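Residue-level listing of the chains:
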Amino acid sequence: MNSLYLLHNHGQSAMNHSVSGINPQLLLGFFFIFLLVAYITAVIITNQRYKKWPIFRAVCWTIGMVVALVAVVGPLANSAHSNFTAHMLSHLLLSMVAPIFMAVAKPVTLTLRTANTTFARKLTSILKSRLLQFVSHPITAAILNVGGLWLLYTTNLFVLMHENALFAFFVHLHFFIAGYVFTISIIYFDPVYHQYSYRFRATVLIIAIAGHDILSKYMYANPPAGISQQEAEMGSMVMYYAGDWIEVALIIIFCWQWYKSTKPRKSIRDGFNSEQPFAVEGK
Amino acid sequence: MYMKNNNEIGVSSRNMWSGILFGIGLIAFIDETVFHQLLRWHHFYDKSTTDIGLISDGIFHAFSWFATIAGLFLFADLRRRNGLIFQRWLGGVLLGIGVFQLYDGIIQHKWMRIHQIRYVDNVIVYDIVWNVGALIILLIGIYLLLRTSKNSTLNEKNANE
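Residue numbers (my numbering), protein chains in the order written: chain Z, 62 to 344; chain Y, 4 to 164.
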């Protein structure tokens with residue numbers, strides 16, 4: 062009981078950050094709950110018309126939404142206001158873990174399956190539009206994502222985020238969307254209207270991860286405004302090492318997609334032995 | 004991701020590159036586990052690191068994760084295609100390890116001063132052991148690669164069947 066009270070009390074103090082009655086944190090929470098309900102509803106409706114939507118994808122979407130919720134409402138989100146390590150964990154969950162689960166769940170495919178023809182056509186043309194092509198280009202997405210982090214942690218924006226609840230809301234929304242767009246610019250599950258080569262995406266992915274690693278070590282030595290040296294050291298190590306594992310998951314999915322795409326019809330040795338016109342150089 | 008042509012030169016270099024990538028990733032992983040986490044000789048960040056050192060460290064860290072995983076998937080692809088030349092792959096691994104260790108030991112530790120091997124007085128002894136060890140591994144790797152490059156092992160394998 063006592064610990065519950067403390068938790069509640071702490072939550073109260075965190076709530077005081079909000080202005081004019083509406084808690085922006087809660088708004089984000091409702092946003093994710095809405096997305097979860099909408100996805101499940103779409104699955105149930107379309108399952109009556111088409112073949113069954115894989116349960117696996119619905120589970121992934123649910124996990125993604127729960128992870129995002131944990132990052133924006135509840136104890137972790139509340140202590141993120143005063144505790145830099147908690148802030149880091151919430152950032153990792155919101156803009157790295159949740160997007161991977163969401164990408165696997167193929168929300169665009171599900172939407173197209175749910176929508177009527179007119180709406181589906183409209184959606185497709187929006188997805189094909191110049192603006193979205195630009196935003197979802199791997200380089201743009203990486204800059205919006207990692208560049209945004211640099212901007213937040215090395216300037217006074219970080220102080221502003223703690224003072225202004227509306228701005229904090231915007232920051233969270235930005236990192237969630239930027240994280241998702243970056244993820245789907247690297248790994249392809251939903252339809253992609255302009256695909257980039259594996260080599261190109263691999264290069265962008267490595268540079269983006271490096272940008273993340275460099276920032277975490279930079280913060281280790283140069284704490285963001287208002288963060289003590291000790292907190293910064295702890296937080297940046299969480300960002301570095303916990304971030305690693307999420308990045309590894311992303312790399313594995315990426316390589317696995319390459320591995321599937323390059324599946325050979327014959328083994329090389331079969332090729333040599335058969336009459337197939339193989340270009341054997343240097344023989 | 005790499006060469007689409009299935010000719011023997013493609014296979015031969017893919018064996019090498021798969022090995023090199025995996026070697027770099029493996030040694031970076033060992034470096035992180037043994038020297039940073041277990042022995043705690045290396046520091047996460049010592050304040051003498053230069054800016055370029057920070058950037059180099061970040062890129063290498065990111066690349067090494069990618070290299071480990073991509074190297075293993077390339078390895079699996081070679082197996083699947085029945086194109087694995089194990090000695091050549093191993094040569095690549097040793098080359099990757101040697102190059103990484105030399106880069107880490109000379110450029111990152113000494114020139115960029117990311118961190119030292121160990122924070123003791125006679126660090127030069129550690130440096131010598133580290134770099135000579137790296138050089139030996141590198142030379143064995145090159146030897147294996149040269150030995151498997153001339154008459155493609157894959158050809159011999161085919162001839163024997």
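In short, the hints are calculated from the structure, not lab data.
This structure is a prediction, so every number in the text was calculated from the model and none was measured.
For glycine and all other residues, C-beta sits at the position ideal for the given N, C-alpha and C.
Any given hint could be a false lead.
Just a few of them, taken from the derived set where beta-carbon distance is under 10 Å, the chain Y residues facing chain Z [what the hints assert, rightly or not]:
| id | residue |
| --- | --- |
| 1 | GLY61 |
| 2 | LEU77 |
| 3 | LEU142 |
Counterexamples of contact, computed for chain Y against chain Z with all Cβ distances above 10 Å [unchecked claim]:
| id | residue |
| --- | --- |
| 4 | ILE72 |
| 5 | LEU75 |
| 6 | ASN125 |
Verification of the hints:
1. GLY61: holds, 4 Å
2. LEU77: holds, 9 Å
3. LEU142: violated, 26 Å
4. ILE72: Incorrect as stated: the minimum Cβ-Cβ distance to chain Z is 5 Å, not above 10 Å.
5. LEU75: Incorrect as stated: the minimum Cβ-Cβ distance to chain Z is 8 Å, not above 10 Å.
6. ASN125: holds, 27 Å
Violated hints for the displayed structure, listed by number in ascending order: 3, 4 and 5.
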